[in-house]
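Number of protein chains: 2
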Amino acid sequence: MQESKVDVLIIGAGPAGYMAASWFARIGINARIIDKRSTKIFVGQADGLQPRVLEVFQSFGFGDRPLKDASIGYEACFYEPDANGKIHRVGRKPEGVVGISRFHGSVIHQGRIETWLTDFIDEWSNGKMKVERPILPETLEIDESQISNPDAYPVTVGVKKLADNDAEPEQYGSKIENGLFRQFDWDQDRNGAVPAESREIIHAKYVLGCDGAHSWVRSQIGINVEGETTDYVWGVLDIVPITDFPDIRKRCSIHSASDGSIMVIPREAGLVRLYIQLKKTEHIPETRSAEERENDQKQGKTAGPRVDRSKITPEAILETARKIFAPYTLDVAETQWFTAYQIGQRVAAKFQKLERVFIAGDACHTHSPKAGQGMNVSMMDTYNLAWKIGHVLNGLAKPDILSTYEQERRKVAQDLIEYDFKLSRLFSGKPGEISTDAFREVIDNGAAFATGCSVNYDGSIIINKPEGTDSTIPYNSPLAKNVPIGMRFADAKVVSQCDGRPWYLNDRIPSDGRWRIILFPSDFKTNVSLNNQLLDIGAYLESSDSFIKRYTPPTEKIDSIIEVLLVHASSIDVVEWDDFPHAFRPRYQDRRMDYWKIYADSESLREISGQAYEKYGIDRKVGALLVLRPDGYVASVTAPNTEGVSQVAAFFDRFLIPL
Amino acid sequence: MQESKVDVLIIGAGPAGYMAASWFARIGINARIIDKRSTKIFVGQADGLQPRVLEVFQSFGFGDRPLKDASIGYEACFYEPDANGKIHRVGRKPEGVVGISRFHGSVIHQGRIETWLTDFIDEWSNGKMKVERPILPETLEIDESQISNPDAYPVTVGVKKLADNDAEPEQYGSKIENGLFRQFDWDQDRNGAVPAESREIIHAKYVLGCDGAHSWVRSQIGINVEGETTDYVWGVLDIVPITDFPDIRKRCSIHSASDGSIMVIPREAGLVRLYIQLKKTEHIPETRSAEERENDQKQGKTAGPRVDRSKITPEAILETARKIFAPYTLDVAETQWFTAYQIGQRVAAKFQKLERVFIAGDACHTHSPKAGQGMNVSMMDTYNLAWKIGHVLNGLAKPDILSTYEQERRKVAQDLIEYDFKLSRLFSGKPGEISTDAFREVIDNGAAFATGCSVNYDGSIIINKPEGTDSTIPYNSPLAKNVPIGMRFADAKVVSQCDGRPWYLNDRIPSDGRWRIILFPSDFKTNVSLNNQLLDIGAYLESSDSFIKRYTPPTEKIDSIIEVLLVHASSIDVVEWDDFPHAFRPRYQDRRMDYWKIYADSESLREISGQAYEKYGIDRKVGALLVLRPDGYVASVTAPNTEGVSQVAAFFDRFLIPL
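Read top to bottom, the protein sequences are chains B and Z.
Quick note, the first sequence lines up with residues 24 to 682 if you use our numbering.
Quick note, the second sequence lines up with residues 24 to 682 if you use our numbering.
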């Protein structure tokens with residue numbers, strides 16, 4: 024039997040798995056990704072991309088692809104019955120949260136998104152990292168004696184290669200016994216007899232279980248899920264509609280008088296997704312014992328009555344939709360996909376075992392698709408995790424940082440479940456029971472959460488908040504009043520000092536595995552003591568005991584571990600290039616100067632700047648010193664002087680490993 | 024010997040040839056493109072992309088690629104000697120013309136640009152159209168008796184396939200006898216003895232000679248060039264500089280006290296291009312007879328003293344540059360390319376023969392590279408020509424439209440030559456002779472021309488200007504005061520009626536071969552008679568005698584020849600979807616509705632609109648009716664009523680062929 028070693032084995036090529044593979048490819052980690060299906064997804068499934076994920080795509084360099092291909096949501100409308108019971112428009116508002124991000128929530132089918140990630144993985148791994156399929160994992164063992172040995176491969180996974188036709192997924196249609204494409208419904212014993220040469224033993228340093236709601240990895244490491252399934256049943260239709268409904272290309276919430284509710288989500292290529300509450304559904308007869316039902320629940324399946332999804336057809340869903348849309352007509356030029364689901368909210372009790380095996384995505388949290396969150400939160404799970412594993416594998420950071428994954432992401436999962444619980448119940452509520460005002464209030468309050476931009480990580484070894492900070496509200500240093508520590512660094516427009524080009528600052532901070540220091544040295548040019556502070560920091564950064572040199576091998580470029588950027592508040596007209604210390608305009612080993620580290624929060628000759636200091640709440644006469652994690656979250660805010668620099672040095676000392 | 028037929032044969036795969044192939048691929052024309060070199064360009068050569076060409080790239084769908092890859096020019100600086108003879112900055116201004124385009128002049132090497140076009144050709148021809156190389160044309164004949172037969176292939180071109188190593192171009196370096204990469208210096212007799220199976224006779228309906236300054240096609244059809252070479256010699260260096268010059272990442276013009284002039288053009292990947300006036304150059308001894316010299320001049324070569332370019336080395340050019348840069352230092356981390364050239368300005372006497380063989384690009388016009396125009400004007404030549412040939416080949420339009428190519432583009436070539444003549448002489452002028460003010464005045468006056476956005480085509484069969492209009496100044500209808508007829512349609516932001524998404528209007532008008540009607544029906548919702556005008560136009564467009572139905576086969580989509588768009592000036596809050604006639608929200612054969620033809624010049628919930636009516640000079644209470652050519656030039660402006668529509672019908676009748 025074949026045996027092999029790999030630093031990271033990713034099990035499952037859904038959004039969480041693809042995102043993990045993308046990060047590992049980007050930072051050059053030796054990883055493999057396997058999936059039990061023989062093909063990728065072509066239609067249906069998840070489709071919503073929240074602004075935060077679009078920011079991450081942009082930081083990887085392909086944020087333009089959704090802009091070209093996806094349907095972008097700009098407006099939302101609300102419909103309710105009038106006195107005669109006919110639905111009519113009662114409200115129109117901006118979709119999402121105005122100004123929270125330069126990106127807008129967008130919709131496109133999951134297969135296309137996976138194509139973008141596949142292309143990215145291809146590019147950065149030079150074609151070496153590909154999803155290996157169809158491969159089914161059979162065994163997983165952890166050698167606990169080797170857990171603290173950084174050179175060991177303590178996780179052993181036995182896998183088998185399936186014949187292609189055994190792993191062809193039904194993506195939609197009558198052949199699926201319960202009307203749902205069971206993407207991650209693992210079926211380890213389906214194909215037991217395979218030749219020995221089709222089996223492989225993989226020794227891994229880390230394993231990521233990105234294998235969905237019924238996660239096999241989760242079950243192997245004995246993690247239970249908490250939560251339950253409700254009795255609400257919703258149908259999903261992806262159609263090209265023929266309708267006189269006037270807002271069919273806007274996101275709409277429609278509550279009818281007595282026929283239930285619909286959510287309208289315009290999609291790419293003329294498609295529209297409808298989420299439709301199904302009022303009459305049949306259950307399958309209960310045949311499980313109490314013990315079996317309890318066990319099902321621990322595995323993320325429902326313990327309660329199960330809907331008979333074989334009775335749910337696209338025609339039946341459409342018929343319900345027609346009643347809700349009345350008096351508007353609804354016909355179909357093309358049906359691309361459909362499914363039905365029972366709403367449930369569940370969270371895994373733990374997200375890892377021994378910090379060697381991790382689970383992510385649907386394996387950690389399942390909920391209704393209504394808020395368009397699932398794929399997003401799944402991708403953000405591994406976006407949070409993979410760079411940390413990369414840091415430990417590369418000897419940059421202590422393994423202690425790995426515990427922040429569960430700490431940071433389980434809280435997000437719980438917030439998500441809570442939001443979805445509220446939204447689902449409101450949405451499924453009977454007319455009259457729930458007021459539109461209450462409904463819209465939940466949507467408004469949840470809107471920031473739904474953008475993904477309001478995630479707020481607690482203080483930890485890698486998030487420098489004062490002890491005892493209330494973790495339920497954002498914490499800002501007074502030096503940067505709108506830069507909450509533990510939240511993602513928001514964007515602002517600045518001007519490149521060397522050539523006057525306007526930039527979104529975050530476009531100069533790509534996701535490439537590096538930490539960033541952003542010095543805001545204030546309007547230094549007009550004040551001698553501020554200018555001296557800048558010179559002092561420059562001198563420190565170039566000195567032999569700077570934290571840069573402490574972690575950066577002398578053979579590497581000086582900005583390869585921690586990149587230093589500067590955004591000043593002086594007029595670009597009075598500042599000259601040699602006003603800046605060489606730490607901010609370094610020359611590399613090949614004598615090239617790096618001109619792209621110095622920016623001005625100043626009007627440019629071509630475009631007005633974004634008033635970055637104001638946006639960040641940084642005083643133009645004081646400044647600030649920011650530290651950003653490789654995933655773009657704010658790790659620390661201190662003063663722009665030698666004391667602040669010392670605090671940054673102490674912060675890095677907590678978890679980075681000196682040369 | 025092999026014989027074949029093709030609708031269009033393009034000879035020469037430089038910028039003009041690639042652009043022609045792109046258009047033909049986009050609109051599905053049967054074309055081939057051959058080149059005598061065995062490889063594409065990797066370094067150096069042309070590098071400037073003007074805003075108009077970037078607009079065209081955007082209209083093809085890849086305007087994002089320069090934004091990602093190229094160096095974009097935002098600022099320009101001017102340096103002159105001070106009282107002590109040391110250069111210092113005397114001015115700083117925006118590069119280009121603020122507001123003329125959403126794109127800014129950009130710089131990147133020609134090879135990368137050709138890659139974008141190659142990818143585009145690949146995509147639209149499904150991989151069928153590739154540059155065939157190395158292939159050398161040997162004979163060209165026109166059968167004049169077949170000129171007016173649309174089914175004939177009256178042009179016969181004999182070609183031979185070269186061995187790869189015979190056609191490897193020297194792109195730079197000592198092996199080139201005169202220091203220049205002679206990209207298009209045809210050498211038809213170099214490889215005379217090839218086997219018969221390497222020869223092919225190609226019968227073409229049309230031939231495009233895109234084969235450079237010493238065009239073989241031009242010589243075959245007996246067209247002379249007019250103009251002369253000067254004695255000014257300039258060196259070009261592409262380097263990664265090491266310098267303390269503070270504006271090295273801005274476009275700079277430097278006049279030194281006594282060492283000549285330099286232009287600084289920042290490039291991609293840390294490169295900077297320097298254009299350096301060389302004061303001391305040696306000439307090669309004159310060995311030609313008077314007759315030979317005259318003949319050389321007709322072929323676009325110099326009749327006067329020829330510089331001995333073998334004496335010009337990168338070291339010598341750098342040495343001159345150092346003197347001009349003093350007191351700033353200049354050293355080099357890497358030299359990527361260099362060349363030297365004698366400035367000359369020449370235009371071909373004609374651009375076609377019998378409207379079956381056309382020349383384009385450097386075959387039509389050569390000049391100094393200083394204004395960064397060559398590649399751009401070359402691409403715009405075939406961008407002007409190819410869709411017209413496509414129209415005639417597809418039976419859409421009468422061959423009469425082909426005469427507009429020479430009419431429109433020869434004027435541009437002459438304007439270019441005139442601009443370059445002024446600029447070159449100013450730039451090469453000795454310090455003291457030319458005032459900075461005079462220099463900057465030429466640059467300012469020429470800036471609009473240099474963007475490519477000010478090209479103004481005369482009235483013709485396809486440009487509907489009143490008779491006797493002064494062709495030297497833009498002509499506007501009073502209905503659209505800022506939409507000059509014959510110029511490219513400028514961009515403005517509008518909001519999509521169906522979903523509130525902000526768009527650049529031109530992003531809804533891609534280069535896909537279609538004519539466009541843009542109806543500006545004014546603030547129709549507030550005025551009954553304006554509303555009736557809109558309904559009348561809708562009724563006409565849907566009627567059986569509309570100009571749409573006159574030219575569109577009933578089996579094709581109704582918008583496949585002429586697309587109708589609408590930009591209204593009513594508030595998006597008061598307008599409903601069914602206020603618009605079905606002509607503007609058509610259903611296709613498959614019953615799908617097209618939601619993307621109706622736009623509002625209105626504030627959206629998410630972004631302020633671009634105030635399109637104001638920008639176009641269209642009265643919000645009157646409106647206008649525009650016709651745009653497939654290349655985005657404004658063909659006609661009439662009133663937004665049935666009379667205006669009749670005028671449009673009469674306009675199309677001039678050149679379109681009814682079913």
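Warning: the hint list may mix true and false statements.
Same chains, same label: a pair holds when it works inside one copy or across any pair of copies.
[What the hints assert, rightly or not] Restricting the straight-line Cα-Cα distance to at most 20 angstroms, the calculated cross-link-like pairs of lysine to any residue (SDA-like) are:
#  : residue 1 : residue 2
1  : 644       : 468
2  : 116       : 525
3  : 116       : 599
4  : 548       : 562
5  : 91        : 630
6  : 334       : 309
7  : 109       : 600
8  : 516       : 87
9  : 334       : 504
10 : 580       : 51
11 : 644       : 112
12 : 153       : 575
13 : 91        : 530
14 : 580       : 417
15 : 516       : 630
16 : 638       : 468
17 : 334       : 640
18 : 516       : 121
19 : 116       : 595
20 : 516       : 533
21 : 116       : 628
22 : 116       : 626
23 : 116       : 176
24 : 644       : 293
Please keep in mind that the hints were generated in silico from the structure rather than gathered at the bench.
Values in this document were obtained by computation on a predicted structure and should not be read as measured data.
Open item on the list: One pair to classify: residue 109 and residue 600, alpha carbons no more than 20 angstroms apart. Within, between, both, or neither?
Closed with: This pair counts as between: shortest inter-copy Cα distance 19 angstroms, intra-copy 67 angstroms.
Open item on the list: Reference check for the pair residue 91 and residue 530, CA-CA at most 20 angstroms: within, between, both, or neither?
Closed with: Both: 18 angstroms inside a chain and 11 angstroms across chains, each within 20 angstroms.
Task: Status of residue 112 relative to residue 644 across identical chains (alpha carbons, at most 20 angstroms) - done: neither (50 angstroms within a copy, 29 angstroms between copies)
Task: Identical-chain pair category, residue 516 with residue 533, by Cα at 20 angstroms - done: within (15 angstroms within a copy, 29 angstroms between copies)
Open item on the list: At most 20 angstroms between CA atoms: does that hold for residue 334 and residue 504 within a copy, between copies, both, or neither?
Closed with: Neither. Shortest intra-copy (55 angstroms) and inter-copy (63 angstroms) distances fail the 20 angstroms Cα cut-off.
Open item on the list: Within a copy, between copies, both or neither: which one fits residue 91 and residue 630 at a CA-CA cutoff of 20 angstroms?
Closed with: The answer is between: 18 angstroms across copies meets 20 angstroms, while 24 angstroms in one copy does not.
- [ ] Could you place residue 516 and residue 630 in one of the four classes (within, between, both, neither) given a Cα distance threshold of 20 angstroms?
- [x] both (10 angstroms within a copy, 17 angstroms between copies)
Task: Alpha-carbon proximity between residue 548 and residue 562, which holds within one copy, between copies, both or neither at 20 angstroms - done: within (17 angstroms within a copy, 66 angstroms between copies)
TODO: Have a look at residue 516 and residue 87 and pick one of within, between, both or neither, based on CA distance no larger than 20 angstroms.
DONE: both (18 angstroms within a copy, 19 angstroms between copies)
Task: 20 angstroms Cα threshold - placement of residue 626 relative to residue 116 - done: between (32 angstroms within a copy, 13 angstroms between copies)
Open item on the list: At most 20 angstroms between CA atoms: does that hold for residue 644 and residue 293 within a copy, between copies, both, or neither?
Closed with: neither (52 angstroms within a copy, 33 angstroms between copies)
Task: Copy assignment of residue 580 with residue 417, given that the CA separation must stay at most 20 angstroms - done: within (16 angstroms within a copy, 58 angstroms between copies)
In this structure, the earlier hints numbered 1, 9, 11, 12, 16, 17, 23, 24 are contradicted, and the remaining ones agree with it.
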